[in-house]
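*Asks:* Next come the chains, spelled out residue by residue.
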Amino acid sequence: MTLRAGAKPLPPFERVIDLHGPTVLRFCAARVGSERAEDCFQETMLSALRAYEGVRDADAIRSWLFSIAARKAIDIHRAHASVPKPVEDLEPLADAHAAPALEDEIWARVRALPEKQRQAVTLRYRADLSHREIAEVMQTSEPAARRNVFEGLRRLRSKADAD
Amino acid sequence: MNSNNQTTDLDQLERSLRAGDELDPEAWTRIRDDLAGRADAAGLVDVAFERHDSPLGTMLIGATGEGLVRVGLPVEGEDAVLAELAMRVSARVLFASRASVADARRQLDQYFAGRRRRFELELDWRLTKGFRRSVLLATARIPYGTTASYREVATEAGNPKAVRAAGSALAHNPLPILVPCHRVLRSGGELGSYLGGPEAKARLLELEGSMRV
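As you go down the protein sequences, you meet chains A and B in turn.
FYI, in this note's numbering the residues of the first sequence are 1 to 163.
FYI, in this note's numbering the residues of the second sequence are 1 to 213.
Please keep in mind that the hints were generated in silico from the structure rather than gathered at the bench.
Yeah, the Cβ is synthetic: ideal placement off N, Cα and C, and Gly gets one too.
Watch out, some of these pointers could steer you wrong.
Facing chain B, a subset of chain A residues (Cβ under 8 Å, in silico) [said to hold, decoys possible]:
hint, residue
1, Y52
2, I68
3, R109
Covered stretches of chain B, going by a simulated chain A footprint (3 or more residues, C-beta under 8 Å) [what the hints assert, rightly or not]:
hint, region
4, 37 to 45
5, 154 to 166
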């Protein structure tokens, strides 16, 4: 029996999937490309389920979940780092993969940003997190999170100009 | 680039970053099923549940590793039943296929078709304790097609005076139908209340041929 005296009870994990699952999958697709998005999603959700009963704050489930997803995305990047691929190869495969296809090249350009900016921009626009939540996920301050999003956007824009 | 255009540029950039294809519902279902299967195989699902269509409406059937722990009747509402399971058993509640639940669904179908009089299923009694559990254990022994009074059930559970407490135990039966609380009536033969609603109670008694018209 779970006793969380005084704390807001955790929702059934099924509802966490209903509520955040699709966004986690979209986030994964943006971070690691559609081809590996499903792996990233499955690993994130399994890790989350494993640790779920230890969650203290039912209101912070979203940022907690994206912290896990962000770590999994990094793991997947590292696992594939030994076989560097041109950015084009990370683009969606037309058929087999169900993750949202990110058709325009903008996400390929996001993936080429410096790590912190890339992460902040993805959390902001794919996971719809607030700056405060981004700060929680990235273990940084809210102003730093805001700055990373801003710098990322600035760089994307200047690259767009250069094209 | 003219600096006057920069705000527009930024808006456009933000819009394209937010844009994305909608998830294909079929693909999403497959991904979820895959997740549920993996989670259950890894022992991460404490309560697995499925929905089950019955003549009473869509029921919910939940099981732990020990057996069936909860049958939710349509009037109870899925959200309420899942939230209760999350609070009282474990928050690791997931929609997942399991043999124990499949078996219960099959037996319930047979019961509603009039082809089954007894359920042969493992039950997990953890959601009920003490006198309430004794009342439900006594209720589980009432044969198909017969009824008992609240007083009889209270007596059988070891306290003939606790008629009201017996009623309360039945009203909180976590395993309705499997533990046939619908077979307990008022002493005068009046239907009495039912956690699934009076119509459901009447319907079950009618099915069992014990409805006094």
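*Asks:* Each hint needs a verdict: does it hold in this structure or not?
*Replies:* Checked hints:
1. Y52: holds, 6 Å
2. I68: The hint is violated - A:I68 has no Cβ within 8 Å of chain B, the shortest such distance being about 14 Å.
3. R109: violated, 10 Å
4. 37 to 45: holds (count 5)
5. 154 to 166: Three-residue rule not met by the region 154 to 166 of chain B, so violated; n is 0.
Comparing the model with each numbered hint stated earlier shows that hints 2, 3, 5 do not hold.
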